[in-house]
Structures are given as C-alpha cells and as structure tokens.
Amino acid sequence: MTEVTLQSVVKRYGDVQVIHGVDLEVNAGEFCVFVGPSGCGKSTLLRMIAGLEETTEGKMHIGERDVTHMDAAKRGVAMVFQTYALYPHMTVRDNMAFGLKMSGVPKAEAEAKVAEAAKILKLDPFLDRKPKALSGGQRQRVAIGRAIVRAPDVFLFDEPLSNLDAELRVQMRLEIARLHKELSATMIYVTHDQVEAMTLADKIVVLRAGIVEQVGSPLDLYADPDNLFVAQFIGSPKTNILKGIVIGSEGDSLRVHLPQLADTELDVACGTHMEPGKDVCVGLRPQDFGPDGDVTIPVPVEVVESLGGVSYAYANLPGLEEPFCIEHRGRSRPEGSVIQARFTSATALLFDPESGKRIR
Amino acid sequence: MPALNIRQLLLNVLVVALVVAMLLPLFYMITMSFRTATEIAEAPLGLPDRLAWENYAQAFGGMNYVRAVINSVGITISVTVLTALLGSMAAFPLARNTSGFARIFILLVALGLATPNFVTITPIYVIFRDLGLLDTYLGIILAFTALNLPLAVFFYVGFIGAIPKDLVEAAKLDNCSDWQAFWYVVRPLLGPATATLSLFVMLMVWNDFTYPLLLLTDKDKFTVTISVYRFVGNQNIQPDMLFPAAVLGSLPLLILFAIFQRRIVAGVTAGAVK
Ligand SMILES: Nc1ncnc2c1ncn2[C@@H]1O[C@H](COP(=O)(O)OP(=O)(O)O)[C@@H](O)[C@H]1O
Ligand SMILES: [Mg+2]
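As given, the protein sequences belong to chains A and B, one line each in that order. Per our numbering, the first sequence starts with residue 1, numbered consecutively. Per our numbering, the second sequence starts with residue 1, numbered consecutively.
What the hints contain is simulated information worked out from the structure, not anything from laboratory work. Incorrect hints may appear among the rest.
[As the list claims (entries may be wrong)] Chain B side only, calculated, beta carbon under 10 angstroms to chain A, not exhaustive: (1) P164; (2) D166; (3) A170; (4) L173; (5) S198; (6) D220.
[Stated by the list, open to error] In silico DSS-like pairs for lysine-lysine, Cα to Cα no more than 30 angstroms straight-line: (7) A/K132 <-> A/K122; (8) A/K74 <-> B/K165; (9) A/K130 <-> B/K165; (10) B/K165 <-> A/K101; (11) B/K165 <-> A/K107; (12) A/K122 <-> B/K165; (13) B/K165 <-> A/K59; (14) B/K219 <-> A/K132.
[What the hints assert, rightly or not] Simulated coverage check for chain A against chain B, where a stretch passes if three residues somewhere in it have a Cβ under 8 angstroms from a Cβ of chain B: (15) 71-77; (16) 91-105.
Backbone N, C-alpha and C fix where the C-beta goes; we use that ideal spot for every residue, glycine too.
Looking at chain B on its own, in the form it has when it is part of the complex (with noise of 0.2 angstroms):
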C-alpha cells in the first residue's frame, strides 16, 4: 500500500520536525550558557569553543539563585497545597447540588477559567497595594492561588460527581457533618485528581512571570523567573549571563520532570481521557 506508505512518510517528517523546532531553543539555551559573551558576540549562533563554566559561576552568585529556588519552590508548594485544598472544598457541594444556583455558580467559574491571567493583573495590583500584600509572599501566593482556582474547581466538580454518592451518604449515617463526609471520605479519594491538577499548577506558577515581576521589588523575595530576568537591562543584555541562568532556573523542572515521568504522563492522559 503505496498510499499508506507515504502517509506515514509525511506524518514521521511532521514529527521530526516537531521536535527539532521545539528542542532547537533548548539546544541553543545549552550551547550558548557555555561560550563566552566575546564569543557569542562573534559569531552569535556558533558552537562554545570550550566550556566556559565560569559562566555558571557567575550567574549562580549573580542571580541570589538558592534564594531565587528557595522562593519559587516555597511559593509553588504553598500555592498548590492551597489550590488543591480550596479547589477541592468549593467543588464538594458544587457536584452534589444540581439546583440552578450550583449551575450558575459554575459558569462563573468558567467564566473565570476563561480570562486570560494579564487582564486580572491591573485589578490585583490596586486591591494589593491598598491591603498592603504588594512585595510580600502571602500577597504573590493568594495571586496564583486565585488565578489557578477556576481550573481546580472545574476539574475537581468532574472528578467528585463520579464519585458514587452512595458514599457521602453512607457517611452522612455514619454520623458525619458535611465537612467530615468531605474530609474523611471525599478527600482521601481525590489523590489522582490531586495529582494531575499539582502538575499543572506547580508548572504554571513556576513559569509564571508576570506576576512576580509585577508584585514583587524586594530582590531577597524574586521567584526564579524573575531573577533571570535581572540580566537582560534596558540597554544591554549580558548573554554569558542570561543563558546559564536560564538553564539553572529550568533545572529544578527538568529533575522533578525526571523523577516523576511515569507518573506525570499518566496524569496528564488520564486526565485526557476525562
């Protein structure tokens, strides 16, 4: 079947393809962190002439980078527990009520889904700066925390409504309150739903860079994005800087990506198939 063979053919380019675009910025991040900035001023997409691992010496010092990881790390976690936490907790009743009031409750919360992150920016500055949480870490946490609900909450409603009702009730005997019932018995089922929702959480907050560049100042508190950032000035960028830093601010990432592989890909097509 010529037909086929050539389809496949073209599909299996497109693929290559795919990849060589999408790993080529990655490539040259790597390659460049390692040539000098005379070096890259000569011949800006060649190839390092030896491993100039000053560089990361450099950058390491230059970008506060245990301070930045510490930060990041902290906020992501904080932001994620929190997340899963509220998310799950609003979506409880929202899956068990099917009163038009629950309905509506929902759509805000596309609504919500559906507004980009820089549209909510302007607002959260103003309302952060009369509360006093600009350049603070409680300010940036409840941020990300909010703009990442609307995805908790709508997948938490889809994951909780399969779950057989049978067993709140069976609680609810059991001389549970709501809260217990939520608590004791939704809960503790919630982990693979948990699971996938922490990836996409962690990467975004993580990623995000807005955000912290606009409601953080004091450098001690910069998030990893941010502190690369510091090395591209409004008139110069110092490349041999820049590209390690970047390369040092993805890995912590890339290990995590590493360590949990497995179960992060099983995550995300389960959460596919949903």
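Just chain A, with the same shape it has in the complex (with noise of 0.2 angstroms):
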C-alpha cells in the first residue's frame, strides 16, 4: 500500500496549459476519484501519474520515491484504458502475462499469478481466446487482470466503464469495488459520472478546467460544497440554483428572499454577515424537499419523472434556465398542477453570485 503525492504540479502543451498547480494527497489504499466534465483534465493529470505524459512543473511522489520523470515502467503502476488496449494477436492469457514477461519473472512464476488473477476475474474458461472473441464485459475483466498480475502499489483506470452498456457498468462498478476491497491497494479512478464517483470513492477529487474545485468524501462534497460547481455537479438531478437577496439576518441565521421561487422567504443557516439587500445565489437539493419542512413553497408542476422508488418532479420557473426540480414521494402524478412541497430550509446552501464560492 502505497501513497501518492502531487506537489503544485502544472501540464502545458506548447503554450497550452492543461494542468494548472494541482495539489493532491491520495493514501495509502484509498480509492481516489477524479471527476469532473469532459477537457478538464482528468485524464491528463492520470496519464501524468502513469508516466505517460512528461510533468512540466511540480513533484509527484509514490510512497517515498520522487517518480516526477521516472520511466512509466518504473513507477510501480499499473493502467485500465478506457479503450482496455488488449494485444489485439495475444491470447487472454498473453495479455496478462505480457508484463511479467517483459519483466524477466519466470515463467512458471507468471502463470501462477495469471491463473490466480483469472480467478478473481472468472476468467478461466477465456484464458485461450483473442480479446476479439470476448463480449466489452469480458475484455474489461482482462484489462483489470492485466494490471493485477503485476502487483502495483497504484491501480490507474481511465474511465474504464464507459465503452459498456448500463447494466454491464453497474456490474463491473460492483466488481471493481469488489476488487479494491480485496486487494486493499491504492487506486485513482477517473470519470465523468459523478454517480460512478459516489459510488466507488473514498476520496473525489472535483476537476474543472486543470483546477481542484474540491476534495473530500462523497457525502461531504454532497452536503458540504465548496462552490457552485460542486454544487451542481456532485448530486442527481442537479442542484436548483437560485437567485436570492438577504433581507435580514439574526443570530447565526440570514433571511433570504427568493423572487424567482413565488416570494419565498429561507433562514439559512450562515456564520458570515450580511447586510440587507445583498444578493446571493441560493442552492436548493431536490431531495431537501420533502414531507417534513419548516417552509411550504407552491410548485408549478409540468413533468414528472417517475424511477418508481422516488419521482422528480419539474416546474419552469420564470427568469430560470434550467427548471426547476424536486423530489417527489408517493404515487400521484401532479403534472399540470400546483402542489404545495415543503423545504427544510437549513439545508439551503449560500453562495457568492460572483465568485461562485460558497457563504457559511
């Protein structure tokens, strides 16, 4: 179980800057994710960890050893493609035990270790075929027993499921799960689904545009953000945002007016002061609203999405872009009329409408 550190460290292509003084300390066996929309960066920042792409600036450290511009080969990691990048002429069983070939570890020692990975991945019954003749599921699992025969302290995957059908990316986000509490080695994992990112990590790392917007654990990106874009992009559907102006404040409290959601008035918990009549932008959870709630705010139902355990319901609001959704329990399927949705309104979260950063 290995550490990794990266120190300040920048990617610049030509003039083009890609990375921009990332920051980041994964631990020793933590499953890391870096996530954010697609151009952020993400995978850069992987492939620099890998070796595959040279750092310009900063220092990246595995456990003790300074890999900044150490041979890809050498740093004691291993990579899941997106694209799995199997040897298209090599057995099952060739591909994984290239590596340990290439190694110099002796043979039987190397199909010991293929056998035993082939295991864990139920993949004895392929060991002989071509990646060709495996379905997306299969060649992923070869790709993933590609990197455990080597034994690395760091497990990399560039968005490993993304090339499979919904099911199967729920199946092997189980396994891949599955297989870090196995092995209890360091992992980073990149994606653009932020459900994958909730569901897998210990630790996520929100990307946007070379920068860190935002690391911690799931639930505390999802109750606890940063800013506006963590909001947002960390939650499904999307966190409402509002405008809102402070019409008071008492205690550790602010009153909060919102025009655009029928004259609603909020006390959100905040410790910053405020004057009167600054204007903020106000984040509403669709799952906030619910059956409890100190506040009842009248909803313009339109659409209701129904994932038969919980339903979303959609209104469009005057003056907002997106529209505006809630989560709604229980069967009934009020489109086209005006329920009553009741809002806790401490878990409103403030932010500056400049800067995006968040007001506590």
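Reassemble the complex: the two chains are provided individually, in unrelated frames, and hints are given to aid placement.
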C-alpha cells in the first residue's frame, strides 16, 4: 500500500496550460476518483501519474520515491485504459502475462499469477481466446487482470466503464469496488460520471479546467460543497440554483428572499454576516424537498419523471434557464397542478454570485 | 433508357479493347516461343505450325534457368524481408512523433518516392565500385532495398498511425522499451500491410532490369530478367531462344499469382481504400 502525492503539478502542451498547479494527497489504500466534465484534464492528470505524459512543473511522489521524471514502467503503477488496449494478436493469457514476461519474471511464476488473477476475475474459460472473441465486459476484465498480475502499488483507471452498456456498467462498478476491498491497493479512478464517483470513491477530486475545485469524501462534497460548481456537479438531479436577496439577519441565520420562487423567504444557517440588500445565489437540492420542512413552497409542476421508488417533478420558473426540480414521493403524478412542496430551510446552500464561492 | 445502354456498350467495348491490347503481347510471346527461327523469319506474325518444344530445352540450358531463378528468388526474398523490416522500423517513430523534424523527414522520404530509379543508378554504381559491392549479391540486395524503402516507410507510417496509441502505451507500462513495444506489439499487427507491400516490392525486384544489368557481370549471379536478355546480341536476336526464355522468366511470378490470387486482389484493394 502506497500513497501518491502531487505538489503544484503543472502540465503545458506548448503554450497551452492544461493542468494548473494541482496539489493532492491520495492515501495508501484509498480509492480516489477524479471527476469533472469532459476536457477538464482528468485523463491528463492520470497519465502524468502513470508516466505517459511528462510533468511540466511540480513534484510527484509515489510512496517515498520521487517519480516526477521516472519512466512509466518503473513507477509501480498499472493502468486500465478506456479502450482496454488489449494486444489483439495475443491470447487472454498472453495479454495478462506480457508485462511479467517483459520484466523477466520466470515463466512458472507468471503462469501462477495469471491463473490467480483469472480466478479472481472469472476469466478461466477464456484464457486461450483472443480479445476479438470476448464481449465488452470480458475484455474489461482482461484489462483489469493485466493490471492485477503485476501487483502494482497503484492502480490507475481511465474511464474504464464508459464503453459498456448500462447494466454491465453497474455490474463492473461493483466488481471494481470488490476488487479494491480484496486487494486493498491504492486506486485512482477517472470518470465524468458523478454516480460512479459517488458510489466508488473514498475520496473525490472535482476538477474543472485543470483546477481542483474540491477534494473530499462523497458525502462531504454532497452536503458541504465549496462552490457552485461542485454543488451542481455532485448530486443528481442537479442542485437548483436561484437568485436570492438578503433581507435580514438574526444570530447565525440569514433571512433570504427568493423572487424567482413565489417570493419565498428562507432562514438559512450562515456564520457570515451580510448586509440586507445583498445578492446571493441559493442552492436547493431536489432531495431536500419532502413531507417535512419548515417552509411551504408552491411549485407549478409540468413534468414528472418517475423512477419507481422516487419521482422527480419539474417546473419551469420565470427567470430560470433550467427546469426547477424537486423530489416527489408517492404514486400521484401531479402534472399540470401546483403542489405545496415542503422544504427544510437549514439545508439551503448560499454562494457568492460573483466568485461562486460558498458562503458559510 | 437507350442513352445509358449506349454508354454501357461503349464502356464494354473499351474494356474489351483494353484487355485485348494487354493480352496481345502475351499471346505473341507464347505463340512465338513455339516457332522455329526459320518460321519466324518467313512470317513474323504467323502462328506455329507445330509446337517446337526443343526451343524450350535450348533456352532452359542457354539462360542457365535454374541458377537464374534461384538468384532471382533469393534476391527478391531478401529484399522483401529487409524492406519490410527496415521500413516498419523507420516508420514506427515517424508515425508517433508529430514534431517538425519528423514531418520534414517524411517529406524527404516522399522525395525518395518521387525520384525515378534510373536517376540514382550512376551514383550507386560509383559508390558500389568504391566499396567493392559491384557484382555481389549483397550489393544488388542493398540497392533494391534502398530503392523500395521510401515506399515501405510511407506505407507503414500510414498503417502504424492507425494503430491505437493506447497499445504502445500499455506496452510501455508493461515494461517494454521502445524497441520491444515495436517488436512485440506493433510488428505483429502489420501483417496485412506487409502482405500488400511485399507484393509491390516483389514485382519490382523480380522485373527490374537495369540494376542487375549494371551491377552484375558474373553470369552465375544473373537474375532471370537479364538472363533472358542474353539472347539479344549486338548484331542479332535469337527469337527461338528469346521468346521461350521470356515465357520461362515470367513463369515463377505467374505461378505465384495463380496460387495467391485471392490474397493479392484483397491486398491491392485494401491498399486502394486507404
Ligand atoms: N496532446 C495534447 N496537446 C494539446 N492539448 C491536449 C493534448 N492532450 C490533451 N489536451 C487538452 O487538455 C485538456 C484536457 O484533456 P483530457 O485530460 O483528455 O480531458 P478529460 O480526460 O478530462 O476529458 C483538453 O482541453 C485537451 O484539449
Ligand atoms: Mg479523458
């Protein structure tokens, strides 16, 4: 088990800077997920850790070793590629054994390791097949097997599930979680899917445009986001963001007026003192609407999406670009009517409208 | 639609005319090879009265056929293997490197492609004379390899560029050096490209006339093409030897094409689509 440390890591392609000074600590045995929208630099950062991209500035340690400019093969990392990158001309067995062969591991030992990995991943029946003759999920497992046999200090995954269909994706997600428990190795996992991030991670790193927006456990990020971006990126459906005006304060609580939401007034817990008349952004999670709550908000529901156990009701509010969404319990489908949704005002999140920073 | 039919008809006529034009020399080569020298002298374009097989027996010995075929096959195979190997090795870094230097280098290679073979023959002759490579198998093999390398490099750069770069990166993480990544991962994937390329190279080497003519003087080292040329003297031509020799000279390639016809057509069309 080995920790990974990044210090002010920068990546530039020519004049274009893609990673802007990332500081990060991944603890030994931790499952760390890089999440962020497409093009934010997740893959680049992962590939820098793998040694497939040169690090322009900053320092990188794996365990005690400074790996900043070390060869990829010497870093003790194994990577699972989005495309699987299996060698098409080799059998599953040879694909998994190739790295060992190249490292001069004796044949018998290599075979034993491949057999063990095949057992963990249920690949025994396919060992003599070529990748072409495997399904997507099986190929994915071979790619993981190839990483396992090398017993790396750190596993790196770059969107490993994005080429699988939805059902298989859930299955493989569970399998990766199980593997992490079994191997108790340090894993760094890249995805643009916040559900994958929430379900797999011990630690989530939210990236945007090459900058770390926030690092924390899934529930911390959900409950206590540092900024608007994280609040909207983590959690599904997205957090509703509304315009708010401070109309008064009392102790550790601000009274906020929401002109876009039927002139509702909320008492939001907030340690920062703010003058009446200040503009703020208010984030209301759809999940925080429910049968209990201290305020009642009329919501003119237009569409209801029912997922079985839970439903989400959507309304188009004047002045809002995106539909306003609330969780809706029960079997009724109140489309076209105004429902009186209840909300716990303490769970509202306040943000600075200019910087997007959280006001706590 | 009569307009279309007329077009169709014209097209068919054109195709038939082309086929006839291409087959006519072949037809004459074969018919002439079975006629005696007197017959040819009397009626140059006539058909054989009988099959003069003795022409073949004479030509077979006169051109030292077995020896010539062995030489040609040996040289062709050596050049094909060397060209494929060196060409793919050179193409591997060029296909992955996007720097200006690599681009310029590829341009230089393209320049090599555009250079007619006879332009290089004088410098090659002079260099080989100084190096003592004239009249050696090594010399002729090196010359042919050099002539075909631009084509090979160009060909492989395109093909290797289409191989996902993840594969090479996976090999890197699997502890491969650049060379090992090439040898164990990239090279085995080049089969179809190599098949198509080899076809072009083999044809060129087997059929080339000027290079062996200038670089080889020892009759025991002659290739098939220049062995046929022996029957063309300064003053006279021996038609009853020349034509059977020409048939014998093309025979090995014809047999090869007959066997691999399907793969060859597939290879050529695959190359055409790229
Ligand atoms: N080789 C490269 N040269 C220039 N820019 C690149 C290169 N590779 C990636 N980028 C840029 O870096 C940014 C991050 O890319 P990437 O790490 O692949 O994003 P993600 O994996 O988060 O979708 C993108 O804007 C991309 O255009
Ligand atoms: Mg990516």
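- Query: Against the structure shown, which of the earlier numbered hints fail to hold, in ascending order?
  - Reply: Violated: hints 5, 6 and 14.
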